[in-house]
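A.B. asks: If you read the sequences in order, they're chains C and S.
The C-terminal position of the first sequence is numbered 477 in my numbering, with every residue numbered one higher than the one before it.
The C-terminal position of the second sequence is numbered 202 in my numbering, with every residue numbered one higher than the one before it.
Worth double-checking, as some hints may not be accurate.
To be verified - Computed spacing ranges between beta-carbons, pair by pair:
(1) S/Leu-47 x C/Ile-14: 35 to 45 Å
(2) S/Phe-148 x C/Val-26: 56 to 66 Å
(3) C/Thr-65 x S/Val-108: 29 to 39 Å
For the record, the hints were derived by calculation from the structure and aren't laboratory data.
We put the CB at the ideal spot given by N, CA and C, even for glycine.
So the chains spell out like this:
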Amino acid sequence: MFDQAHLLAILPEITLAVGAMALLMVGVGGRDEERGELVLWLAVAVLVLAGIFVATGEGTVTLFTGSFIVDPYARMLKLLALVGATVALIMSLTYWRDTDGGVKFEYPVLLLFAATGMLMMISAYDLIALYVGLELQSLALYVVAAFKRDSARSSEAGLKYFVLGALSSGMLLYGASLVYGFTGSTEFAQIAGAVQPSGANLGSSVWCSCSQASPSRFPPCRSICGRRTSMRARPTPVAAFFAAAPKIAAMALLVRVVISAFPAVTTEWQQIVIFLAIASMALGSFAAIGQRNIKRLMAYSSIGHMGYALVGLAPGTAEGVQGVIVYLAIYLVMTSGTFAFILSLRRDGKMVEEISQLSGLSRTSPLMALMLAILLFSLAGIPPLAGFFAKFYVFLAAIESGLYALAVIGVLLSVVGAFYYLRIVKIMYFDEPVESFEPMPRILAAVLGTSGVLILFFFIYPAPLVAAAGVAAKSLF
Amino acid sequence: MLSALFFYLFATMCVGAGVMVIAAKNPVHAVLYLIFAFFNAAGLFVLLGAEFIAMILVVVYVGAVMVLFLFVVMMLDVNFAELRAGFLKYLPVGAIVGILLLVELVFVVGAWLTAPDLIRDAPTPPASEMSNTQALGELLYTRYVYLFEAAGLILLVAMIGAIVLTLHHKRDVRRQSVAAQVGRTRETAIEVVQVETGKGLK
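So that you can see chain C by itself, here it is in the shape it has in the complex (with noise of 0.2 Å):
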């Protein structure tokens, strides 16, 4: 039943998890510090050697009877979440090493079983390979979100987000029970030879889609009400983790399973698609205008940029997911620089997350403001950073097959957005200094100073990107 390209196909998801049980076994050695930051730093090596093991991939395998599938697709977005994961949990160490006394072991252990279920949402064939991969990263997530547990935001942070959570993989699995009641198979590709663009067919996959945003969370109902406490909760480095690498699997399981299992109901999926991706643009601009807290505000920009990806996929061609993917991959830098500098933000050893306090950085620390002025110029959308380039493809694809309104409220409310990232610079830049900063740790600086030059000298060199993700985007139709 096994041969050896099989095996090769799910050794990176095996390589994390075997890693994971490993350095569990490393971490409940012994409860000194050094454990800690040991164990995260192997952590960090087995993250690079899953990718190494992702990259190093060839053609497209499909295992267990029809569950799990390797192709170009699953290969991109898996190395761009594994980016995420990694970069993530470097950043991290910083934080943990000044506030927590130290890192616990169990931190980076959780990280990679989220990881090892991040690649199994990615590459999921199959109703019930999805939702076990869903529930592998969601579960670790919920605990990462009450790290802190002597801290009650904390505890409150992952029990909302718990209870948030329980409440859509109910809502998925109801949708995906009826989905298999109508097509008679759990299997995406038997699933898009059943479903017929008619009668009872249709609810369901209008329901099952419905239910698959939900805990791609980016639906305003479950924002609203979870992430608005809970992301100015959690620790800020579980904060820089979630930003990323989860809404990057989220959005990579979303466009399987329309494409691959919806192909024919396109046009029904297409306006839950654009509902949601104007709902979440909308929410992302305006809720964020008001926000004091940089936490906070990242939380809502979030939300808005899932949305512009969404423009993506609205359009079901192999354009518009080539525009998702570059998209993520993008946000993906964006996202981490921006967190590198907010996780830096300590004064007399305490870490400062009101915008205001950010006045005159660029007099006090002008490095530091130009790289965060980069970064939100190109979150922004502002040419010639990348940011705009992310945009310009998805609009791109939304125009090429005629959803015009679409991309004239995506472009106008990217308008509005740009209001509250300019307000940043314009602190920084406009306003009068307060006193500085504790110096920037290396790591942190690496990493922003890294995204900052990536974003603003993407535009001389975008090709590489941009044909590896269409060569992903091809390979789903």
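Given chain C, work out where chain S should sit, using these hints.
C.D. replies: Only chain S this time, still in chain C's reference frame:
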């Protein structure tokens, strides 16, 4: 004949134990009756040829869930007499729910009697060729091995999570170290000291 005898034995015991679960004054007794009811239900499953479910019932429900129940009942100081006080008040609602459940059961049994084809009652493959434990195992460890292993990972994460969020390491607690105790020798444990008169030991 013998199987009919066992059926009536298990069924009466099960129903009787079920009645005692809600009738028993002492909550610990109620839990013990529930365990008894589970054992009898397991017996009924064995009679039906569903030995896997019977084993699961004993191992999971009796072995784990019920023991947990006993722990909770014994450790929490809940005043059960007080909880029981509103029994008559809740009786109408409980009766309605019970009657609805009964009606549903009658429908199902009625459908089965009138049109047996609607409900597929033959296991695939037939029980004479393969026991259902074997059938489940062959599916679980071949076709669904990926999902099975992934489910195991999820349980591991749940366990790690429970420990991370609840276990507190107290620094001042002195724990017993068996290795240190066994490793003691006469030299490290006893010291012979010459005490001078009127001075005492320091």
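A.B. asks: Take the hints in turn and mark each one as holding or not.
C.D. replies: Hint check results:
| no. | hint | result |
| --- | --- | --- |
| 1 | S/Leu-47 x C/Ile-14: 35 to 45 Å | 43 Å, holds |
| 2 | S/Phe-148 x C/Val-26: 56 to 66 Å | 26 Å, violated |
| 3 | C/Thr-65 x S/Val-108: 29 to 39 Å | 33 Å, holds |
In terms of the numbered hints stated before, the structure departs from hint 2 and from no other.
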